[in-house]
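Student: Build the complex: two chains, separate frames, hints provided.
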Amino acid sequence: MRLTNYSVYDVNVNSLNQLQVKLAHSQQQLSTGRRIVTPADDPAAMARSMEITQADSLNNQYAANRVAITNTLSLTENALSSATTLLQDIKTIAMTAGNTSISNADRQVKATELQGRLTDLLALANSTDGAGSYLFSGFQGGTVPFVMNGASTSYLGDDGQRMIQVSSSRTMASNISGADAFMRVKDGNGIFSVTPGAGNTGSSYSSMGAVINPAAMNGNSYQVQFTVAAGVTTYVVMDTTTATQVAPPLPAVSSPYVSGQAITFGGMQINVTGSPANGDTYNVQPSQNTNVFSIISNFATALANPVSTSNPASQAAFTQSLNTALAGLDSALSSVLNVRTTVGARLSEVDILNSNGEALGAQYKQAMSQLIDLDYNKAISDFSQQLTMLQAAQKSFKSMMDMTLFNYM
Amino acid sequence: MVGSIYNIGLTALNAAQAGLVTTEHNIANANTANYSRQQNVQSANQPQFSGSGYFGQGVNIANVKRAYSDFLTKQVFQEQAMAAQYDAYYAQIQQVDSLLGDTNSGLLSAVQGFFNSVNGVGVASTPESQSARQSMISAGNALVSRFQSIGQTLTDINTSVERQISSSVATINSLATQLASLNQSIMSAQTAVNTQAPNDLLDKFDNLVAQLNQEIKATVVQQSDGSFGVYIGNGQPLVLGTQATQLTTVRGNADPTRMEVAISSNGAAVHIDQTSLQGGKLGGVIAFRTNTLDAAQNSLGQIAMVFADSFNKQHSMGMDLNGALGGNFFNVPTPTTTANLLNAGTGVVSTTLSNAATLTASDYKLTFNGGTSYTLLRLSDNTATNLPAGLPQTVDGLTFTLSAGTPTAGDSFLIRPTASGAGGITMAISDPNKVAAATPVRSGAALTNLGTGTISAATVNATPTTPNPAHPTTDLNLLQPITITFTSATTYNISTGVAPAALTPVVIGAAYTAGSTISYNGWSVQISGAPKTTDVFTVVPNSSAKTDGTNALKLSGLQTQTTVGGSLSYVGAYAQLVSQVGSKTNEIKVASDSQSAIVTQVTQAQQSVSGVNLDEEASNLMRYQRAYQAAGKAIQIANTLFDTILSLGR
Chain A
1 MRLTNYSVYD VNVNSLNQLQ VKLAHSQQQL STGRRIVTPA DDPAAMARSM EITQADSLNN
61 QYAANRVAIT NTLSLTENAL SSATTLLQDI KTIAMTAGNT SISNADRQVK ATELQGRLTD
121 LLALANSTDG AGSYLFSGFQ GGTVPFVMNG ASTSYLGDDG QRMIQVSSSR TMASNISGAD
181 AFMRVKDGNG IFSVTPGAGN TGSSYSSMGA VINPAAMNGN SYQVQFTVAA GVTTYVVMDT
241 TTATQVAPPL PAVSSPYVSG QAITFGGMQI NVTGSPANGD TYNVQPSQNT NVFSIISNFA
301 TALANPVSTS NPASQAAFTQ SLNTALAGLD SALSSVLNVR TTVGARLSEV DILNSNGEAL
361 GAQYKQAMSQ LIDLDYNKAI SDFSQQLTML QAAQKSFKSM MDMTLFNYM
Chain B
1001 MVGSIYNIGL TALNAAQAGL VTTEHNIANA NTANYSRQQN VQSANQPQFS GSGYFGQGVN
1061 IANVKRAYSD FLTKQVFQEQ AMAAQYDAYY AQIQQVDSLL GDTNSGLLSA VQGFFNSVNG
1121 VGVASTPESQ SARQSMISAG NALVSRFQSI GQTLTDINTS VERQISSSVA TINSLATQLA
1181 SLNQSIMSAQ TAVNTQAPND LLDKFDNLVA QLNQEIKATV VQQSDGSFGV YIGNGQPLVL
1241 GTQATQLTTV RGNADPTRME VAISSNGAAV HIDQTSLQGG KLGGVIAFRT NTLDAAQNSL
1301 GQIAMVFADS FNKQHSMGMD LNGALGGNFF NVPTPTTTAN LLNAGTGVVS TTLSNAATLT
1361 ASDYKLTFNG GTSYTLLRLS DNTATNLPAG LPQTVDGLTF TLSAGTPTAG DSFLIRPTAS
1421 GAGGITMAIS DPNKVAAATP VRSGAALTNL GTGTISAATV NATPTTPNPA HPTTDLNLLQ
1481 PITITFTSAT TYNISTGVAP AALTPVVIGA AYTAGSTISY NGWSVQISGA PKTTDVFTVV
1541 PNSSAKTDGT NALKLSGLQT QTTVGGSLSY VGAYAQLVSQ VGSKTNEIKV ASDSQSAIVT
1601 QVTQAQQSVS GVNLDEEASN LMRYQRAYQA AGKAIQIANT LFDTILSLGR
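Chains A and B are the protein sequences, given in the same order.
The numbering of the first sequence is this note's numbering, which starts it at 1 and goes up by one.
The numbering of the second sequence is this note's numbering, which starts it at 1001 and goes up by one.
Treat the hints as calculated values from the structure; they're not laboratory data.
Treat the hints with caution; some may be incorrect.
[Said to hold, decoys possible] No farther apart than 20 Å at their CA atoms in a straight line, the calculated lysine to aspartate or glutamate pairs in the EDC-like style are these:
1. A:Lys-22 / B:Glu-1587
2. B:Lys-1074 / A:Asp-41
3. A:Lys-22 / A:Asp-10
4. B:Lys-1532 / A:Asp-180
5. A:Lys-378 / A:Asp-89
6. A:Lys-22 / B:Asp-1087
Quantities reported herein were computed from a predicted structural model and do not represent experimental measurements.
One chain only, chain B, in its complex shape (with noise of 0.2 Å):
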């Protein structure tokens, strides 16, 4: 009996010993991350039998156990993966919003400063004065610089975002390669011998699967062998076993500017959809690009080429200082095209910006279907519009043309009109004189009328439909001098020439109507009143009108026309791409706040299973040490027992 009293306390000796090493290795790991709280299972010793029973034979520890919820884990691993994704987005999304709202750094302020320099005292109320053309001049490359150097922004975001995109592959590949190999010394530390739990190995493949979760939403499950599978994106293995798939980041095949995420396969890259890589620093950063970068970058630019283009028509049907009638202000930046890389054909597709008036803010994609039948999807909405004819076609404002090679079918193109609009605007003109501020034909009412009919000053037709159609560069006749003849009260014949040059008559005999337009070479009047015989209107080239700025006065009402997209003016548009990123970036903070929010509610109730209580703790040493003492004193009444017994043969 003695010696079994030996026996029991060296056993518990052993437990309260072993119970005293795991709680100091809780003590060690209580700020590791993803560490599991651990705990020894004790039970009794198989009991001797006597005839009076079975006497116990002490304490064994059975296994050493972590505290672990399988669910509670995951859903930290997935609300992680979440959080990383906002605040990725996040961290981008708000270099936008703020770059656009900022009242020195946007659009509007230059926007404003342009159009002050055209109206308000400006070129419209003293066409005369060269310093006021030259701040016209001044005002339009602060625009345009203003332009380029938002967009340029955006571009050097796109940059960070492409870097970010890098960097999260390679932290991902390096992640996949440690679990691989974590994922053989799982293998080899459960043996069919030996089944119990290498609790730290498996805390520390939590621990990398948490930290791949902070790049991309990764997925674990348990295989047979008792190792574990990460899959990513659309069920793509990152780990299987002790294999570990390499990402690698690869020219996009639609795009081929654009920096994509692809699994490499036997050297080679399998392109995957990017849509599918949710979650973490890396789905943050693409669902930015392709949700707010590229809206962004394609309002921006939408509003750049609209402004371009209307501000150049309006410019055009002006007359400069010299004389000349006006060119264009600005260049309008031109749509960018691109191959498809996988297109198996020679054909080469432009884009040219035909009527900005339409233009959108989408991308489009161009399939050809063989023969001569393309399909034009607009990717906004993906709204297709079959074009049986063959090139070119003119949709939504852009003119499509085959210019060069034999597209096969299925090849396809992406347009993306708009997306380096903000960085292609540049001025045309850099010389005061030929800001176009004068309207290129005059009125005028000759002295001896003896009727009370007066003449509107002329305006120039925006579509001339006499004698060229491709007004109004090319229109020289427009600048041609012509004499209104009244013949009677009621009648009247337009002839070209202007006394006391030679009047030829080309028309004759037009009726009179008070108020009503007259419209000739491309420009248009009303005369109104009672016109008498013989009496003369002389519309003439508007040379040397220093003092109009009749032209400039519409230039500057562009300001608040609905120009874009038809329905707003510039500053409108872009009103509305700030609300729109505005909206997005509160969006993104309220969901970032509120996952983060999330996390520390699961992070907690996954902590309370798992997680280190110092308190808890302090009081198990406490515990395992009274138990060790104890034992150590039952040894002691044995070896007093002994004594005593050995002292009875004295």
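Excised from the complex, chain A in its bound form (with noise of 0.2 Å):
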């Protein structure tokens, strides 16, 4: 083997030249902090990286949601609290006002009462949030939801959720239907209502009525009838859905009437108290959806009419009314209840699914660091290594280059 003059030069600049571009690249991997500084140094981890970023970006924007749903749901919840309160404040009102003691004047006052308080519910179920848009229009956040013209109220907005992506599998609404809170409360007991016929015109009211067998229960309407003949008060209770006597059970053509003893059909029982006239019925009928606001508005009226012992008419009509309500506001609160609850379960969730997103993008990261990341300690003694064999190279290439015979010549 000979060694020429030009090879040498050749191959000593080639492998300074291969030293030269290790060192950059180690030298840029430090400065970037990166072990891959283009794909070609790793594909696969690569376009595994760009992968994870996808997920990790895709876990920020849920985590950015749910900061938002929380936003939305904590301040839902703040108004339906508010209206809890307002109705526990009403129910309140109302009990005073059933007072058979207090004056005409006092309950006037107390209806004027009412009506403030029923402004003060109609404003928080017009709530916005912080950008303006209504909580509980559902889709329509541009639009007032509940409109009160006179005595009915009417909701304007929809049932639209508002969904929002809290998870990669978990999309959760950020809002509550209007209608479910406020404008989906059951009449009378929740089960089945009783109402006085509209030509009533003896003095006695009726109990809100409870189900006693709910396997009798077959969703018909029915009406008690009272007959007053020589001064004996009988009743019976007709289905008018197929128009056939249920109580007393035929051939008995009717049952004595005593006031506030139970009157009982269908898996249900009434206690009727007073003295009804001849001819004055009773209707129960399945419970329907009436809404908060009408069951306070209404009340607010009957306590504006003016009640008097020697009028024991407008005194039935007047507790009829005020049972009435009262179960209308039991039965508003427990729907305002019913979605508390389920603002209070998505917060919840929320709660679960933030620590669940904090983990994964703990892991994500964790991952995108062993993947990109430098191993600064690898990547400094590689580097000083490599500094040193071009040191060696450049040092050794010199030496070699200064022997030469001619020295001798």
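Tutor: Printed below as a string of structure tokens:
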């Protein structure tokens, strides 16, 4: 093997070049802190890192969404909690006003007070989030959901659920339908309602009744009909859906009426108190939806009517209204409580998802770090080794080139 | 005898002098590329016979020989051609590698930014926010311009590849001319009477061949007349004797947008198979263009087109703030179709994208077979599809149509569906109100309902069958108000209109099963629970649905859906592209490194035969100096001898 001038220089220049390229790469790694400077350094890890970056970015999206939904749900919960307090307050007023010893004038004051509370409740139901969108109007965030028109209130929102993605596999509504909270309040006792006939002239009133045998309930409507003949009050209960008599059982013609005694039919029981007139009726039918505003507004109207001990019919009518209002307020409270439970459950789920999300984020960061980040110990040791090699190559090249026979000629 | 001493001394002097000349020549050319070390071949002169035997007559120089190994030299050229190819390939591919992998300029950050504007406290969660909608439009613009800028950079790289091809062709042409004229000199130097090799001319020839191999792999064969033939590609002669063929660049027949290398023959360009152009810079950039650049452009274009198309599809299933059905969010790039320059017929084929879900990243060649028959060849895997019934036909999500003229049998068309996809994607909307974040229909239960029936949110069917399959921009009935009325616990009617408007029943007495899907007018809902007679559910246009982000949520879901080629998400497809280019870059880098090691090895082997070692030449200098001194001394002695004899007569 002959070593020649040309190849000695060439080989040395080549190997110096290569060492410098390696050194530059190590330097680039050190200055960027990345093990992978371009995808060619580790294509598989780079591709994986892109997928993890995307997953991490999604995770951050969901985290931001969770913050947003927590804000909206907290606002909703605040409004609903205020509504609960307000309804309890109204119930207290109603109970105070129900005391028969208070004067008509005092009742009038209570009625005015109730109207004020009603306005407060309407304002709560029309609450907005920070950005001016109505909390309880479904998809139509720009539409005022509850509009009171005289005694009736209409809901202009919808049942739309504003879904927000809170984790990769979970979307959650950030709103509560205003209809669910305030407009789907069951009247009566929640199962059925008892309303006095419109033409009643007697001085009786009815309890809201109770279910005594759920199995016997068939969802039909009934009417309790009173007959007063020769000073004796009797009643029959007709199933108006099928137009048949259900109590007393046929062939009996009628049952004698005793004030306050239970009247039982179709699995239900009501108590009528006082003296019904001939032809007075009570209609019993499955509960329908009413709204919290009507309940309060109706009771305020009833409060405004004068009641006097000399007019037993007015007393009975007031008691009937009070019973209806108290039952209605209980239903309204349970409606609000129901949706509050839903909101609470969502908020606590978000909490759990938050900690899951954070754990996931930490995992992604660790995985990314393992894929992309530089092991500084190794990199610095590589760098110094390459530096030493380059110095050695340079020095040895120089000494080798100094060795020539021409020095001795 | 004394005369003979003079003569022998003289030959020795001459030989030593010649030796010094050759040595000096070697020293002078120690750093000349492709110089082969020269040596004088000395031999003893014809001896003179005398009675007492043969007396030597001194020395002569038989010839000046160059230390040369044909085999090793050719090996060096070959390996250098390969090394130049890898280097050129690497120089180009590393640009693509860095471009795609860069965290700032790559696609990844733009895709993420866009989807963050759709979901993470974006339009999906705050659809009522104008600023969220505006930032979605801005992020869309940023994404589109990222696609365009990567596409443009790839186009720029293609332009630089074409410049490299032109410059290589110019260099090859110049070298070919020089080689041809050098052949002339070599032939005239070796006449019938003079058989001595013109060493330095041959080295110069090798040097030019070495330079040629930097541009393209060339093979050299010696001809009977002493000249050399130089061949490239599949044996195309570049230099034959004193004749040099010129290369030229022409537009490709199949793809006229593409520059190809051709052989210039009598003023006409003869197309040659581009894949036969191996080795050297030219081979490197051509291989880069075919194997990497085209594939990268196509894959990126595929992502852009699938992205635009799938996003548009979902977007048009939504409703914007103005209460209108969503339109296109992006403009989807159109596939490019080019007719072969050699086509005899007048046929013009156009290609449109009909289903991005089945779109591939491949190019296609459509050939007309005569009659009504066409053959479609997918170039990525050479899968041929016969289309005997003529056009239009839809294959792989592309619809091919003969839009004008009549083709002649044998005519072909090159279809590059996705090649310009990245550069062609643009935003279709700029008005934030036109972001279709809401779902177009909303369902609701009447407040007067007695039963426990609940209705799910209404969803828009992807492919409605009634009343208009061309959904949904033309499906106006999607926005028709509909009432579902229960006529018993187990049956319902569907009517057009919603109270207080008059109801017109269109479906009467349909059987109700809790939880089953009810579809009408292109939407679907599920009613569950136990509705009662007269219970009413409505499905109405979702007008003024400021706070509905249902469709935006579905749009954001596209981020993780496997939309590209049916198996990859947008980012997954991009990661695959990055990984493919990265692997290829790595492969080329490793190949380039090992090739340069091979070049070093064979060069050292070749140099160990042909190279100049200065120490060796220094010792040769001393050797010939001594020889010269010795010969001079011999002549001096002969002179002294003459003096001795002449002094005898005094």
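Student: For the pair supplied as a hint, Lys-1074 (chain B) and Asp-41 (chain A), is the alpha-carbon distance within the 20 Å limit?
Tutor: violated, 34 Å
Student: Hey, Lys-22 (chain A) versus Asp-10 (chain A), does the alpha-carbon distance stay inside 20 Å?
Tutor: Since the Cα atoms of Lys-22 (chain A) and Asp-10 (chain A) sit roughly 18 Å apart, the hinted pair holds (cutoff 20 Å).
Student: Would you check the hint for Lys-1532 (chain B) and Asp-180 (chain A), treating anything up to 20 Å between C-alpha atoms as holding?
Tutor: holds, 19 Å
Student: If you draw a straight line from the CA of Lys-22 (chain A) to the CA of Asp-1087 (chain B), is it 20 Å or shorter?
Tutor: Distance ~16 Å between Lys-22 (chain A) and Asp-1087 (chain B) Cα, so the pair holds.
Student: Check the hint pairing Lys-378 (chain A) with Asp-89 (chain A) against an upper bound of 20 Å on the C-alpha distance.
Tutor: violated, 72 Å
Student: Would the hint linking Lys-22 (chain A) and Glu-1587 (chain B) be met if the CA-CA limit is 20 Å?
Tutor: holds, 17 Å
Hint compliance for this structure: hints 2, 5 are broken, all remaining hints hold.
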